[in-house]
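Trainee: One letter stands for each residue in the lines below.
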Amino acid sequence: MISRRDFLQAGVAASAIWGASGVGNWSRLAAQQKLSQDQLLDFDKTGNVTLIHITDIHGQLMPIYFREPQINLGVGADRGLPPHVTGADFLKLFNMKPGTPEAYALTYLDFAALAKTYGKMGGMAHAATVIKAIRADRPDALLLDGGDTWHGSYTVLKTEGQDMVNVMNALKPDAMTSHWEFTLGKDRVNEIVKSLAFPFLGANIFDSEWEEPAYPPYKMFDRGGSKIAVIGQAFPYLPIANPKWLFPGLSFGIRQDRMQAMVDEVKEKGADLVVLLSHNGFDVDRKMAAQVKGIDVILTGHTHDALPEPVMVGKTMLIASGSNGKFVTRLDLDVQDKQIKGFRHKLIPIFSDVIAPDPEVAALIEKQRAPYTKDLSEVLAHTGGTLYRRGNFNGTWDDLICNALIDQREADIAMSPGFRWGPSLIPGDAITREDLYNNTAMTYPQAYRSEMTGTQLKSIMEAVADNLFNPDPYYQQGGDMVRMGGMSYAIDVSQTAGKRISKMTLLKDGKAIEADKSYTVAGWASVNEGTKGPAIWDVVEDWFKQNPEVNLAPNKTVHVTGT
Amino acid sequence: MNLTRRDVMALGAGGAALAMLPLPAAAADQAALDAAIKKFTGGAATKDGGVKLTAPEIAENGNTVPIEVEAEGATEILVLAPNNPLPSAFTVSFGPLSGASSASTRIRLAGTQDLTAIAKMKDGSFAMAKRTVKVTIGGCGG
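Going down the list, the sequences are from chains A and B.
Residue 438 in the working numbering sits at position 438 of the first sequence, with consecutive numbering throughout.
Residue 655 in the working numbering sits at position 92 of the second sequence, with consecutive numbering throughout.
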């Protein structure tokens, strides 16, 4: 038996001592040309409890490309810690080699070339094969969905989330939590929740008038002879980062005291293992793990990080399972005497060319998509470069959207929100309507056009920068920086609120942005009720008509310091 | 329990298109703040701890921010919003028949600021707690 003092505090190297973790030996397998489904699924069953985690699917039923970020800065206590390690540093930290399947799955390096070698990832029919295989090995495994499930595609938009609900129901999750779900509107969420065979958890969701819990905070499960409490935590800043008029009367927040109370309550009810199914974002979870006593495992979400090993915070294990269906995590635990005595962890990459789709779920997905096949497959343009979104300051998908906004809306400056969802395309790919919606589909898509002074622009940029780079993660919102088109600027991420942004320059004339001068600004996805304008996908579709071959110039408009 | 709540006027929020954009809060008027504290404490020193101030890290609506103060053994608690035009948000008094020395209400905040609670204890000492509440626009959630 291995005692708890053997937990490594350093975080990422826990495997050698008391458990096993990682991505397995994909490198060697790939070198041997033997990457196979059996090997991806290979797992030495451990202990008495299995957790299966999938999160932030964002409506992606089909396999996709998803380029991981090049720039993902951590600030304050999180500076330089995973997940704020990218590219070559990531490979070095986790002892991986460039050009391997794991380098392709987990970093941006050589993305376009490796994408051609290793193919698309994800797809819920492929994930279903993995989930079913794990259940065959451990029939009472718990499947936990971290939320951002009923959002992010053409078919989610057209069916108000029903396509994802139907497919997820086929996978039989044991619980879920939420974020973008609420942008379907509170009534629609409640209608779906009533139909679910599993609980929709959110310990931090309250009725804002009476401050009473609005959804169940946790559920207790008997598994492998242990009592397992799964506590849900929805995205804390929904009414700020998303339009609160879509879910009136609901309040969220981090509510750390409430979380401690829930942990204490489930322990009083005899929980042997406390699991937090979280949509806090990784850095918020890292802080919460240190502040709230008694959580054994946090299944993290929201910030879309994929880590091949758990991160330990004291005795709490943080798991990061990526996004867009790229990965499924299997975590086997040996739970004895209310303690984790050992574990085995694997971040299973869903290589869709290697893992066979589950026929039943594949047929169900086909059925959801069938009414829309013609609309989805229409080719709108082609891309000469990689189109991706992730990165703290910009991505080529948002460069494209900003260009379209400036051209179509005759604006000086464009703003595109720093979302983290939206799959990638590789050079030479057709851009279909499905691809466009994968990066824009939402219930508040209006592309506004308005006048803003230099002072107002700076205020917005400073506010968003503080939501990303406030050194206290409880004051962050887990999105990336607003993408600015038609403008360059410098940002010192080490500065305090209101002092990070400088050298704002209008690209059109090369002149400094003036505080009192008014500029025409186009943007989309405003959280304000009553925002007027065409849907962003219509703006971009019109732009494609003039720009059928998309070749974007490299974006060098953001000068970053203070890292 | 006698809860007096002063209505606090905030400057109108700037209506930028991206979101309701609070005007950058004016720097706290230190002299006014010091005067408000001195009026309450009579110039006595305050110690940290002994009073708990609960508020959201980021306000969902700066016009109505739920806050809660609690200080066992307090006879009176003053809550200050230093960056509001009138920094004294409210004072709550606890009589001998009060069950618990705690109160919750909602206050309006003109911008991001360090809310401050000062509790006057039965023995005449003072305890202080601070909590930063951010009033901001959306950060485009992931």
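Check each hint, because a few of them may be wrong.
The calculated label-pair distances, taken between Cβ atoms and stated as ranges, are [unchecked claim]:
no., chain 1, residue 1, chain 2, residue 2, range
1, B, Arg669, A, Lys132, 15 to 25 Å
2, B, Arg669, A, Asp353, 24 to 34 Å
3, A, Asn551, B, Thr627, 41 to 51 Å
Some chain B residues well away from chain A (every beta-carbon gap over 10 Å; in silico) [what the hints assert, rightly or not]:
no., residue
4, Asp597
5, Ala607
6, Gly613
7, Thr617
8, Pro619
9, Glu623
10, Pro629
11, Glu639
12, Pro648
13, Ser651
14, Thr654
15, Gly658
16, Met684
17, Ser688
18, Thr695
What the hints contain is simulated information worked out from the structure, not anything from laboratory work.
In this text, a Cβ means the ideal position worked out from N, Cα and C, and glycines have one as well.
Trainee: Decide, hint by hint, whether the structure agrees.
Mentor: Quick rundown of the hints versus the structure:
1. B:Arg669 / A:Lys132: 15 to 25 Å: 50 Å Cβ-Cβ, so the 15 to 25 Å window is violated.
2. B:Arg669 / A:Asp353: 24 to 34 Å: violated, 56 Å
3. A:Asn551 / B:Thr627: 41 to 51 Å: The hint (41 to 51 Å, Cβ to Cβ) holds, given that Asn551 of chain A and Thr627 of chain B are roughly 50 Å apart.
4. Asp597: holds, 23 Å
5. Ala607: holds, 30 Å
6. Gly613: Consistent with the label, Gly613 of chain B stays out of reach of chain A, its closest Cβ about 17 Å off (over 10 Å).
7. Thr617: violated, 7 Å
8. Pro619: violated, 5 Å
9. Glu623: violated, 4 Å
10. Pro629: The claim is violated: Pro629 of chain B sits with its nearest Cβ about 7 Å from chain A, within 10 Å.
11. Glu639: For Glu639 of chain B, whose nearest Cβ neighbour in chain A is about 24 Å away, the distance exceeds 10 Å, so it holds.
12. Pro648: holds, 19 Å
13. Ser651: holds, 24 Å
14. Thr654: holds, 22 Å
15. Gly658: holds, 25 Å
16. Met684: Fine: 23 Å to the nearest Cβ keeps Met684 of chain B off the interface.
17. Ser688: holds, 25 Å
18. Thr695: violated, 7 Å
In summary, the numbered hints that this structure violates are 1, 2, 7, 8, 9, 10 and 18.
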